[in-house]
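Asks: Now for the letters of each chain:
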Amino acid sequence: MKKASRISAALIAMAMLLSSLAGCGSKTEAEPAESAPAGESSAASQATPEGEPAAEGITETPLPISAEKIELNFWWPYAEDLAELKDPNDGEFYQALEEKTNVHINWIIPAEGSETDAYNLLFASDDMPDIVMQLLSRNMLYRGGQDKAIDDGFFAELNDYTQYMPNYMGFLDKNPSLKKDVVTDSGKRYGMYQLFDRVCITESGLAVRQDFLDKLGLDRPVTYDDWHEMLAGFKSLGCQAPLYLQNTGIPQFGELSAGFGVAPEFFQVDGTVKYGPVEAGYKEYVTLMNQWYSEGLIDPDFMARTGSFTSIDNEMMFNDNIGACVTWTTRCDKNYVERGAKNEDLRLVGVAPPVQNAGDTTHIRSDDFQTGSVYSFSANSEHLVEAIEWMDYHYNYDVALDANYGLDDGRSFNMVDGKRILSYDFRYSNPEGVSPTAFFIKYAVKDAPLKIPDYQTDIFLPLQKESMDAWCSQPDDWMMPINITMTAEENTTYSSLMADIKTFVDENTVSFISGTKSLDEYDAFVEQIKAMGIDDAIAIQQAALDRYNNRPGE
Amino acid sequence: MPTATAAKPKTIQTAKAADELKARKELEKKDRNRLIRRDLKQNYAVYLMLLPVIAYFIIFHYLPMGGIAMAFQDFSFRLGFLGSPFVGFKHFLAFFNSIYFFRLLKNTLLLSMYGLLISFPVPIILALLLNEVRNQRFKKTVQTISYLPYFISVVVVVGILQDFTKSQGLLTQLSVLLGGDGGNLLGKPEAFRALFIGSNVWQHIGYSSIIYISALSGIDQELYEAAKIDGAGRWKQTLHVTLPGLMPTIVILFIMRLGEVMTLDYEKVLLMYGPSTYQTADIIQTYVYRIGLQNGDYSYATAVGLFNSLINFIVIFIANKISQKVGETSLW
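Protein chains in written order, with full-length UniProt numbering: chain A, 1 to 554; chain B, 1 to 332.
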C-alpha cells in the first residue's frame, strides 16, 4: 500500500516548484498583453456610465476573428456529460463555429468528480488555459477571491477590453439589474458571466409521489401537518423511505427548513446575515425531523446516503420505496419512468416548501440565478483579444439561439409560433444514437453562455411545468447572492473557522435527528457554535454582502 | 621520571602501530575501491536496473520533502516557496487549539492500534493453521479463496459494505440477533471501527498470509523430527519450532507496520464515513483532505500532515529501539 499522503505531498510540492518558476517569469509579463488599446479603452469605460451604448468601436464581431487559424485552450469542467463524445469539437455547433471564426479550441477537460480539485491546481501551474470556465456553484473560485486572482496576475481584468465584447455588454445594458453581479467588489470585470435571458429558472426542489397521493386520496401537501399525514400514509403503503434525506439531514437549499425561516447555512434578511443553526427555527426543524424519524417517516438509512443534494437511489424509487425527495425536474416526467420503473404509474411532482400555517410565505429556496458560470481569461494569453471576441460571439442572440437549441437546420428543434421548441423525440430517441446527456454537446452547447431557457420550458411536460411553477411560487429574497466575494485575508480566517464549525454542525444535526443525541443538549450545541467563533464568520459574510450591495453596478 | 622513560617507547610503539593501522586501512580502502570498481564493471546491468528505483525515491520521496516548508508559511501560489511570508508555528498552534485535535488524534491512533491488534495477528494464525493442513488440495483452495478479495477495489468493497449495513442488510440483521436495534450500521459511530477493521481483515487476510506461509516452508524439517523424537506433540512443535522460526519475519513486518501507524487507508475512510460517524471515523488524514483539497488551505493541511508524519516517526523509532533491546532483530 503506497502512502497516499506522500503522493499528495509530492503533487503539491511539484505544483509549488512549478509555481515558483512561474513566479519568476510572470513579473515581466504582468502588464496587459496589448498596450495599444489601453488608451481607447479608458475612453470606452468612461463612456459607459453616461448611458451610451457600451460598444463605440465595434458593434459586431468581425468574422473571421483571426485571419490565420489560431488555437485557444478552453478549460471545461463537464466531463460527466460527454458520454460517448470525446470533447465539444465532436459537436456540430463548435465545428460550425470554428469554420466561422477560424479559431480552433483545444478542450481541457478535468477528470469527472475532481473538477474543483483540478481547478485549484490550475493556479499552481504556469500554463493557465486561455479561457477557464468556472462553476461558482461548485466552489470554483480562487482562494483569495476574484480581485486577488486579477492582482496576482492569473486572470485578465476585462475593464480595458469591453470594446471587444459588444454582444455581452449589449445584453447587460438591456438588463441593468445584472451589472452588480458581473463585477468584483472593486468594480473589476473578472470574466464574462454566463447570463440567463429569463427570471425564474429554479429546476430543483421537493417532489412527492402523485400516484401515492391519489391512492391515499390526499391533496398535495402545504403545511408541515399535511406532510406528516402524507408521509404516514406513504408508510402505510409499505414505502421504506417515505421521506428521502441526504446524510446531512437538511436539504441544501432549505427545501424543508424554509417554513421555519432558516437555511442550513448562511442567509440574509434585509441585508443582515444570519447563520441557520444558531437561529430558533433550526431547533424547530431538527425537533420535527427527530419526531418524523422516530415514527419511521424518514429513510432509516439516511445517515449513510452520500451524493449531491439531488442524488437519490433510483432503484428504491423504481421499487416504490421513496415517497418524497429533493430532485431535478428531470425526474418529474414519463421519461424517468421509462428508465426502469416497475410501476408505470410512478409520477413525481414538485411542491413548494412546507409551511407552518397555510398561507405563510417562505423566503428560502434554490435561487433564481440570472448569472451562472464565469469565463475568465488567462492574463498571459497570447490571444487575449481573440479569446474575448470568440467568447463574446456566443452572446450574439442568433448564435445563442443555435447554442441553446441546435443549428438552424431544424433537426434538433421544431418551430412553433416563431419559437424554437426542442424536439423531445429527437433528444430521447436519437436516430444517430447520441445519448440524451450528450445531446446538447452534440447538437448545441452544454450550458450555453447566454441561456435562453424561455422556449425550453414551453415544451416541458405538464408535470414538469407544474413542478417548476410550484418551486417558483415563493420568493427567494433571503438567499445570499452567489456573487459575493471575500478578500484573501477574510477567506483564510473564514475557512479555518468554518472547517470546524461545519463538521460540528453536520454531525450534531444528524445526531439530533436520529436521536443519538438528546434535544436537551440543543442549547449547549448553539453555545458551542458560538464559542467556535461563528460571530466572526457571520461578520465576514456580512462585510462581503455589504460590499456587494455597494458595488458600482447600475 | 622512570614513568616518563617507560612511557616514551610506548608512545613510539603506539605511533608505529597507528601508522601500520593507517597503512593497512589505506590498503583496505584501495582494495575496496578496486573491488567496487570491478563489481560495477561486472554487474553494471544490475546497477542500471537499480537506477529507476533510486530516481523514484529521490523524485517522489526526497524532493517533495521540500514542500514541508509550506507548513511554516502562509503559502501562496503566486509568491511561491521563497516569497511566501514565514509564519512559524501558526498553523500548528491553530491545529492544536482546534476542538477536534484530540478527537482526531484519538481516532487515528485507536483505529490503527485496533487494526494492528487484530489484522496483524490474523494472517499469522491463518498461515499456522494452513501449515497444519495435510490435504494439499484443500490447503490450496483455502489459500486461493482467502486471497481473492485482495483484488477487489476498495470502492467496490465499500459498496458491498453499504448494502450489507442498510437497515434491511445482512450484517444489520445479524447484529439484531446479537441485540442490536436494527438501525443502519454504517451510520453508527460505535460500529465504524469494527466495520472498517473487519472488512480490512476479510480483504487482506489471504494476501498477507502468503509471506508467512513462504517463511514457514523455510523452516528446517529436521527440527520437527528432533522435536518429535523429544516427544513434542503438534501444539508443542508449533510453540517451540514453528513460532521461533517465524519470529524474525514477524518482528520485521511488525516494525514496518508500526511505521505506518498514522497512515491509515484514508480513501476507505472517506468512502465509509459521514457526518453521523465523524465522532469515531474522522481521522487526521480525512481532516487534511477536507482542509487542504476542499478548502484549499494548503499551509494548514501541510502542517497537520507533518504532525502526522512526526508521530509516525516517533512510533517507529521507539518500536525499533525496543526491538533492539528485546530481540536481535531491528530495522537499522
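Please note that a few of the clues may not be correct.
Distance windows between CB atoms, simulated [what the hints assert, rightly or not]:
| no. | chain 1 | residue 1 | chain 2 | residue 2 | range |
| --- | --- | --- | --- | --- | --- |
| 1 | B | Ile68 | A | Ile482 | 28 to 38 Å |
| 2 | A | Gly515 | B | Ile311 | 54 to 64 Å |
| 3 | A | Gly515 | B | Tyr56 | 50 to 60 Å |
| 4 | B | Ile311 | A | Gln252 | 34 to 44 Å |
| 5 | B | Lys90 | A | Tyr522 | 26 to 36 Å |
| 6 | A | His104 | B | Phe102 | 35 to 45 Å |
| 7 | B | Lys90 | A | Gly515 | 36 to 46 Å |
| 8 | A | Glu521 | B | Phe120 | 33 to 43 Å |
| 9 | A | Ser137 | B | Tyr56 | 31 to 41 Å |
| 10 | B | Ile58 | A | Tyr522 | 22 to 32 Å |
| 11 | B | Gly182 | A | Asp535 | 36 to 46 Å |
Because the hints were derived from the structure by calculation, they are not lab data.
Just so it is clear, CB atoms sit at the ideal spot from N, CA and C, and this is done for glycine as well.
Asks: With reference to the structure, classify each hint as holding or not holding.
Replies: Hints, one by one, checked against the model:
no.	hint	result
1	B:Ile68 to A:Ile482: 28 to 38 Å	holds, 37 Å
2	A:Gly515 to B:Ile311: 54 to 64 Å	violated, 36 Å
3	A:Gly515 to B:Tyr56: 50 to 60 Å	holds, 52 Å
4	B:Ile311 to A:Gln252: 34 to 44 Å	holds, 36 Å
5	B:Lys90 to A:Tyr522: 26 to 36 Å	holds, 34 Å
6	A:His104 to B:Phe102: 35 to 45 Å	violated, 57 Å
7	B:Lys90 to A:Gly515: 36 to 46 Å	holds, 40 Å
8	A:Glu521 to B:Phe120: 33 to 43 Å	holds, 39 Å
9	A:Ser137 to B:Tyr56: 31 to 41 Å	holds, 40 Å
10	B:Ile58 to A:Tyr522: 22 to 32 Å	violated, 55 Å
11	B:Gly182 to A:Asp535: 36 to 46 Å	holds, 42 Å
The structure is inconsistent with the numbered hints 2, 6, 10, although it conforms to all the rest.
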